[in-house]
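Enquirer: Given next are the chains, with one letter for each unit.
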Amino acid sequence: GQQVKQSSPSLTVQEGGISILNCDYENDMFDYFAWYKKYPDNSPTLLISVRSNVDKREDGRLTVFLNKSGKHFSLHITASQPEDTAVYLCAAGANYQLIWGSGTKLIIKP
Amino acid sequence: GGIITQTPKFLIGQEGQKLTLKCQQNFNHDTMYWYRQDSGKGLRLIYYSITENDLQKGDLSEGYDASREKKSSFSLTVTSAQKNEMAVFLCASSIRWGRGAETLYFGSGTRLTVL
Numbered sequence: 309g310q311q312v313k314q315s316s317p318s319l320t321v322q323e324g325g326i327s328i329l330n331c332d333y334e335n336d337m338f339d340y341f342a343w344y345k346k347y348p349d350n351s352p353t354l355l356i357s358v359r360s361n362v363d364k365r366e367d368g369r370l371t372v373f374l375n376k377s378g379k380h381f382s383l384h385i386t387a388s389q390p391e392d393t394a395v396y397l398c399a400a401g402a403n404y405q406l407i408w409g410s411g412t413k414l415i416i417k418p
Numbered sequence: 021g022g023i024i025t026q027t028p029k030f031l032i033g034q035e036g037q038k039l040t041l042k043c044q045q046n047f048n049h050d051t052m053y054w055y056r057q058d059s060g061k062g063l064r065l066i067y068y069s070i071t072e073n074d075l076q077k078g079d080l081s082e083g084y085d086a087s088r089e090k091k092s093s094f095s096l097t098v099t100s101a102q103k104n105e106m107a108v109f110l111c112a113s114s115i116r117w118g119r120g121a122e123t124l125y126f127g128s129g130t131r132l133t134v135l
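Sequences listed follow chains A and B, in order. Following the numbering used here, the numbering of the first sequence begins with 309 at its first residue and continues without gaps. Following the numbering used here, the numbering of the second sequence begins with 21 at its first residue and continues without gaps.
A couple of the hints might just be wrong.
Straight-line distance between alpha carbons at most 20 angstroms, and here's what the computed DMTMM-like set of lysine to aspartate or glutamate pairs gives [claimed, not checked]:
(1) A:K376 / A:D339
(2) B:K29 / A:D349
(3) A:K345 / B:D58
(4) A:K379 / A:D339
Okay, the calculated bits of chain A under chain B, using three or more residues with CB under 8 angstroms as the criterion [said to hold, decoys possible]:
(5) 341 to 354
(6) 405 to 413
Hints in this document: simulated from the structure, not taken from any laboratory. Idealized CB from N, CA, C, for every residue including glycine.
Working from the sequences, and respecting the hints, build out all of it.
Expert: Laid out in structure tokens, this is it:
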């Protein structure tokens with residue numbers, strides 16, 4: 309299968325808390341995994357990505373965890389802030405072809 | 021920095037009409053993509069072009085043609101627009117694939133409505 313699924317259409321987190329966004333994929337040949345952020349009326353922009361040879365990558369408040377055996381990857385945002393409110397798109401793929409999830413709308417409540 | 025420009029921003033067509041969407045990038049990226057975004061669904065790849073003069077079909081290529089006229093431009097043609105078809109078409113570019121070069125940079129989209 310080629311699907312990439314974000315099972316939670318929305319997530320609300322208190323300001324200062326940890327936001328955890330999840331993504332499942334089907335194709336174990338995928339070797340590239342990414343999270344993009346999308347504000348309303350804007351195009352997606354890359355937040356963070358990993359290749360299949362690592363299990364974890366940190367960048368500031370962002371951490372991607374990759375579980376290859378479970379075909380699952382997640383994005384953790386620590387110290388969540390109101391400006392983190394946006395739609396988060398996960399994508400996975402190989403060789404130029406990315407398969408995208410349908411997005412999770414993250415709302416950070418002050 | 022660079023920019024990806026998509027024209028037109030809004031496109032309204034009639035059923036059965038052939039419609040063309042255009043995309044220009046000044047990043048000097050090798051690879052360009054066309055995606056379709058439907059409400060509630062993930063982006064779906066229509067066509068991509070690895071380098072100038074290359075054309076590759078994505079999962080959603082049926083009903084579309086594409087043309088990479090030069091390195092900086094990539095056009096998408098809806099060969100016969102379907103009534104009630106409403107979607108946003110996103111153009112993107114990347115340096116290439118691999119070694120961190122896969123980051124996609126997106127245009128602002130063309131919103132298609134078919135009457």
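Enquirer: Please go over all the hints and tell whether each is borne out by the structure.
Expert: Now for the hints, and whether the structure bears them out:
1. Restraint check for A:K376 and A:D339: satisfied, since their Cα atoms lie roughly 10 angstroms apart, inside the 20 angstroms limit.
2. Only pairs whose Cα atoms come within 20 angstroms are accepted, and B:K29 paired with A:D349 is accepted, the gap being roughly 12 angstroms.
3. Annotation: proposed proximity of A:K345 to B:D58 holds, straight-line Cα distance about 17 angstroms (limit 20 angstroms).
4. For the suggested pair A:K379 and A:D339, the alpha carbons sit about 11 angstroms apart, so the restraint of at most 20 angstroms is met.
5. Restraint check on the stretch 341 to 354 of chain A versus chain B: 7 residues with Cβ-Cβ distances below 8 angstroms, three needed, restraint holds.
6. Check on the stretch 405 to 413 of chain A: 7 of its residues sit with their Cβ under 8 angstroms from a Cβ of chain B, so the three-residue criterion for coverage holds.
Checked against the numbered hints given earlier, the structure satisfies every one of them.
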